[in-house]
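Line by line, the protein sequences are chains B and H.
Heads up: the first sequence begins at 1 in the numbering used here, then just goes up one per residue.
Heads up: the second sequence begins at 315 in the numbering used here, then just goes up one per residue.
If you are wondering where the hints come from, they were derived from the structure by calculation, not from laboratory data.
No residue lacks a Cβ here, since even glycine has one placed at the ideal position from N, Cα and C.
Check each hint, because a few of them may be wrong.
[As the list claims (entries may be wrong)] A few chain H positions that, by computed beta-carbon distances, are all more than 10 Å from chain B:
1. Ile390
2. Leu411
3. Gln547
4. Asp616
5. Met799
6. Gly803
7. Ser895
8. Gln925
9. Tyr1006
[Claimed, not checked] Reference listing, derived: stretches of chain H covered by chain B, where coverage requires no fewer than 3 residues with Cβ under 8 Å from a Cβ of chain B:
10. 710-724
11. 741-753
12. 788-794
13. 876-886
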Amino acid sequence: MNLLIAIMQTLLFISLAPLLAGWLKWCKCYLQNRKAPSLLQPYRDLLKLTHKQPVVSKDASWLFIIAPYIIFSATVIAITVIPLITVDLPTAASADMIVLVGFLAFARFFLVLAGLDVGTAFGGMGSSREMTISSMAEPAMLMAVFTITMTASTTNLSFAIEHILQEGLVLRPSYIFALFALILVAIAETGRIPVDNPATHLELTMIHEAMILEYSGRHLALIEWASQLKLMLYGVLIANIFFPWGMAETLSLSALGYALLAIMGKLGVLAILLALSETLFAKMRLFRVQEFLSFAYLLGLLGMLSHIILEASR
Amino acid sequence: MILSLAYAAVWFSFLSGLLALLIRQRQSVIALLHYSCRTQPAWQQRLDAWLEQSIYPQRIQQMSFALLGSAGICAISAGVSNLISQSIITDQLSLGLPWLPWHVRFDSLSALFYLIIGIAIFAVSCYGPGYVKENNEQEHPFAVLGLFSGLFISGMLLVLLADDAFFFMIAWELMSVASYFLVAFQHEHSANRRAAFIYLIMAEVGAIAIILAFGVLASFSEGGTFTFEALRQASLSATWASVAFILALIGFGMKAGLVPLHVWLPEAHPVAPSHISALMSGVMLKVAVYGLIRFSFDLLGDIHWQWGVTLMILGAISALGGILYAMMQPNLKRLLAYSSVENIGIIFMVLGLSMIFLAKGHPNLAALAFIAALFHAFNHALFKNLLFLGAGIIQHQVHSLNIDEMGGLIKRMPHTSKLFLIACMSISSLPLFNGFVSEWLAFQAALQVDVLDNAVLRSLIPVMAAALALTAALAAACFVKLFGMMFLGLPRSRHAAKAEETQDKGILASLSLLAGLCFLFGIFPGLMLNLLENVALQTLGHGLPNSSAAGWLWLAPVSMQQASYAAPIVLILTLIAGGISFHYLRRDPAVKLRHSDTWDCGFGGLTPRMQYTCSSFTMPFRRIFAKVWRIDEKIDKKSGNMPQQITDIHYQLHIEDHSWPRIYHPIEHSVNRIARLVSRMQTGNIRVYLSYSFFTLIFLLWVIS
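Okay, chain B solo, but in the shape it has when bound:
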């Protein structure tokens, strides 16, 4: 039964990710006085791409062709271990938070290699920048994760969320630091403004788009879907770790229904906040990103230290 729920939840996660992207786009358009596309537009785009004939460069190797599948499945593995609507997730035991970070790194490894494969300057540029940003974001993310794992004394996400739920509403300074660190990391890792602009194509400032410039058809669909999954993944992490209320602790139909509504509400609010910040802030220079991420790292570190100094049992 539990396993069935886990599979259902993963499928739900995969199918909801484009909706979140659509909602985000809708909010942004509304804020910027533009006419918004339909909420279902990302689904239509994905469907259209899967039916198109992919064009592959003559210089591409086998790695270029299998990379999208690897990226997609690594991201899917990462989401199977995140509790979306129920707390008790059996798959969370097979891979903990550190493995989750590892799988995101796995997907990125192949994305970057794919960017280098064809041998264009754009690909190299994107790959180099992606690796720079991620190598600074990953330690910051782990710092934030460690803060949470040390309070809950587990790296298993299911148990950690259960711990937070049982503890009730406690104001922990370490969590506030960790929350902000995770938000900054999420912005950098999902390529949002001010780190990268997801709306640009063919600009010298682009990062994510530069790497996938050569992709088309179903390959592009997979990569796009994977990055929508990644956006939702970070959203769910933030929503369910720091605001886990509403998640189903029992496996009744009504609890699951409420939990679904709750997570959609939380993600909707997060998306509005993201759209607001993307409208208010401008993209920053590439070499300012390191300051942004060092700040995230510092916040993670402060969270950790405030846990040790203020909250630890001894």
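Could you slot chain H onto chain B? The hints should help.
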């Protein structure tokens, strides 16, 4: 039985060295063989045919490597069987001085390192025949290479067997000096001679520190004897124990390549032949790690937490420094050598963590960190060997080690590229591969910091964990760059465009073996962890906190509630997800791939020179971590006749390690200055020398009376 297998490994490697000497002695070998089978003329004819003039050297090479391979098999079986049986075998050899027999001891710790060396030399023995075939026998005689390889390997194996300080140092020196000749093997380049010389100096300075460390320990032992048994019983005051530990740390750290004692490593490892670099980087550094573990955990016994902190900080500096230096290297083997510095740093960091837990009275957590460190040592031996052996193949094909002259090799060398990719993924500690497991265990150990009562330690260890995370992320960046520049993109040089896959089955077999092991222990780490727990049980007296920690499926070192990892399940899930997406998307018949030109912004004429290079890929890192290196960047612009017109741009980039100008050049200068002062005494006049002897004599007589 186990001990005779261990001896057999030493003998086989020694014999393989001796056999290599016969490569120029065909006549005498034939004569000897004819004499020994003089009753069987049919055999004689077969022998003649088998050892024909033209293929004789190859036969000798193959047999020499076959002996090395059997040494490897013996070492593996000795290691594994002792790890399973957990026995401690001691023996005495009546070699050396009559009143000082050599003591031998083979326990789990030695057995583990025997296993590491065994796997490495077995892989090298498969790889060797195909690799040395292309050597020029006149310039680089195989006799030298084979002899010193045999001595080098037997030296390493003997270090592991030694149970008294004398025997240990003899074996240690055998290893160091034999490897000096291997580094100096291609001695026609002055840079190689210099590298070998630096290596020799630092190896000997390190050896002196180790001897002093043993001396300090022995002076507190019963009767001043040098057997390890006596040294274990020695009771030292905290100060003297720390002195001994620092000396040992300097000595073994110099061999292991801790920053700032690492400078010989990036010089010496790249210049040796590739299979030797693989052994030096993958295995010899591990022998130094073994030495430190043996000295501090086994002989010194009482661990102080301050040592752990020292080790941790030095390890963190080495790890971060190593990977940042590695990232900037355009030379493939230098990059790999610096990355060894990084991995040794990680091992030392985790060992330091283990020391802290041990000193603070948490032996189970200490065992966890200890096991993580040993597992990382094992993993590093696997993937670093694989990388160096791969580098050897590529060097043969591209005729260069400069990464900027490679590119596009994935299409020319399909097998090598796949195996190299596995190595890159393991070393970048990606899940499903072995490098990840050891790092995961290290994080799990670091996260248990809440049990410590010292607030400084409790905040220091997480910072170290974050340094480990940064190291892992930078390693991923470094190896993505390496693989991308070497194998992907368009060929950047003529040789790279013409490179071909190696045809030698042995070479590919050895690489596949190592890559297979990387994957196997990434999916089933429990296999290895059970063996490693035996080492911890014997050395520290304690196992993992969770007794059923390492099943074949689950890995839960502390408890199931705290952390668990099931690589097989994750692998199956990945395969399902990948399979479904692959299958589903392939169903549509209208979506066959169409091949076309690369998109070139509509300008046309993309050339390989427009690609990102090593230095452009790492440019953001160079700016962010600018203080780490000494960067010398020059741009020369030549202007033409027209104003603002530029005809020619030259870009020069030179990146250097801080340790040379900051530490080693001052030392070099002061040594030279002292030498000049001393040379004033040497006037070359015999009367002055006679008067020196006279006054010395008078002085000594005065002292005696």
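Quick rundown of the hints versus the structure:
At roughly 30 Å from the closest C-beta of chain B, the C-beta of isoleucine 390/H stays outside 10 Å, upholding its exclusion from the interface. Every Cβ of chain B is farther than 10 Å from the Cβ of leucine 411/H; the closest lies at roughly 53 Å, confirming the non-interface assignment. Annotated as non-interface, glutamine 547/H keeps its C-beta farther than 10 Å from every C-beta of chain B; the closest such distance is 36 Å. Taking the minimum C-beta to C-beta distance to chain B, about 25 Å, the non-interface status of aspartate 616/H holds against the 10 Å cut.
Interface exclusion of methionine 799/H from chain B breaks down, the closest Cβ pair being 8 Å apart, not more than 10 Å. Taking the minimum C-beta to C-beta distance to chain B, about 3 Å, the non-interface status of glycine 803/H is violated against the 10 Å cut. A Cβ of chain B approaches the Cβ of serine 895/H within 10 Å, the least distance being about 5 Å, so the stated non-interface status is violated. A Cβ of chain B approaches the Cβ of glutamine 925/H within 10 Å, the least distance being about 5 Å, so the stated non-interface status is violated.
For tyrosine 1006/H, the condition that its CB be more than 10 Å from all CB atoms of chain B holds, with the nearest at approximately 62 Å. By the rule of at least three residues with a Cβ nearer than 8 Å to a Cβ of chain B, the coverage given for the region 710-724 of chain H holds, with 3 such residues. Given as covered by chain B, the region 741-753 of chain H passes the check, having 6 residues with a CB less than 8 Å from a CB of that chain where 3 are the minimum. Counting residues of the region 788-794 of chain H whose C-beta lies closer than 8 Å to any C-beta of chain B gives 4; at least three are required, and the coverage claim holds.
With 7 residues having a Cβ less than 8 Å from any Cβ of chain B, the region 876-886 of chain H passes the three-residue criterion, so the hint holds.
The structure fails hints 5, 6, 7 and 8 (numbered hints given earlier, in ascending order).
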